[in-house]
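K.L.:
Sequence:
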Amino acid sequence: MTHAFDPAGRDTVAGKWGWFVALGVLLIMCGGIAFGNLLMATVASVYYVGIIMLIGGLLNLAHASQVRGWESFFFWVLSGAFYAAAGLFAFVNPVLASSVLTFLLALALIVAGGFRIWVGFTLRPLAGWGWIVIGGLVTLAAGLIIAAGWPVDSLWILGLFLAIDLVMQGLALIAFGVLVKA
Numbered sequence: 128m129t130h131a132f133d134p135a136g137r138d139t140v141a142g143k144w145g146w147f148v149a150l151g152v153l154l155i156m157c158g159g160i161a162f163g164n165l166l167m168a169t170v171a172s173v174y175y176v177g178i179i180m181l182i183g184g185l186l187n188l189a190h191a192s193q194v195r196g197w198e199s200f201f202f203w204v205l206s207g208a209f210y211a212a213a214g215l216f217a218f219v220n221p222v223l224a225s226s227v228l229t230f231l232l233a234l235a236l237i238v239a240g241g242f243r244i245w246v247g248f249t250l251r252p253l254a255g256w257g258w259i260v261i262g263g264l265v266t267l268a269a270g271l272i273i274a275a276g277w278p279v280d281s282l283w284i285l286g287l288f289l290a291i292d293l294v295m296q297g298l299a300l301i302a303f304g305v306l307v308k309a
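Taken in order, the sequence shown gives residues 128 to 309; the numbers are from our numbering.
To be clear, the hints were calculated from the coordinates, so they are not data collected in a lab.
From a predicted model like this one, the values you see are computed outputs, not experimental measurements.
Even for Gly, the Cβ is constructed at its ideal location relative to N, Cα and C.
A portion of the hints provided could be inaccurate.
What the hints assert, rightly or not - Here are the computed distance ranges between Cβ atoms for each label pair: (1) N164 x L253: 41 to 49 Å; (2) N164 x V194: 41 to 49 Å; (3) E198 x L306: 51 to 59 Å; (4) A208 x A309: 47 to 55 Å; (5) G241 x P278: 21 to 29 Å; (6) R195 x K143: 45 to 53 Å; (7) P278 x V140: 42 to 50 Å.
Model the full assembly from the supplied sequences, consistent with the hints where possible.
P.N.:
Encoded structure:
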């Protein structure tokens, strides 16, 4: 089974190249706005995570009502309640929630960087193993830098990541749109 893009669909995508470019420009503009106020972008990120967690918690509670006779009913209720409470917490105190999320981000980057370095060294007999190690070192360094600035940097770091992501996605869509047109 091949996962290659259907060549017949290329013309359809190429015919819409302008939409990709337009969306890319809009995303870059949104990224610029986020760069202009990293605190508000951080709060927006926390609200986004909060709404997703609140919805997830409410869905878990709804699911619990469907398995009322099951022995795991209490687990589903607690799971949904804690998840919904965490979502509400993000709305009640987004600055403190951003601190928690930033700490978890730093921890995740440190662990991921360490694993990538380890995997890179296990691939040492193969060509290119050093690139895996370098990528791991960059990830580890990012995590350590974020951890070193915690909790003060929590006010802007999530907003910075959001702004960078918006700009990078915008650039990728513009490049895709222009290149698919050709």
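K.L.:
Hint compliance check: list the failing hint numbers for this structure, sorted ascending.
P.N.:
none
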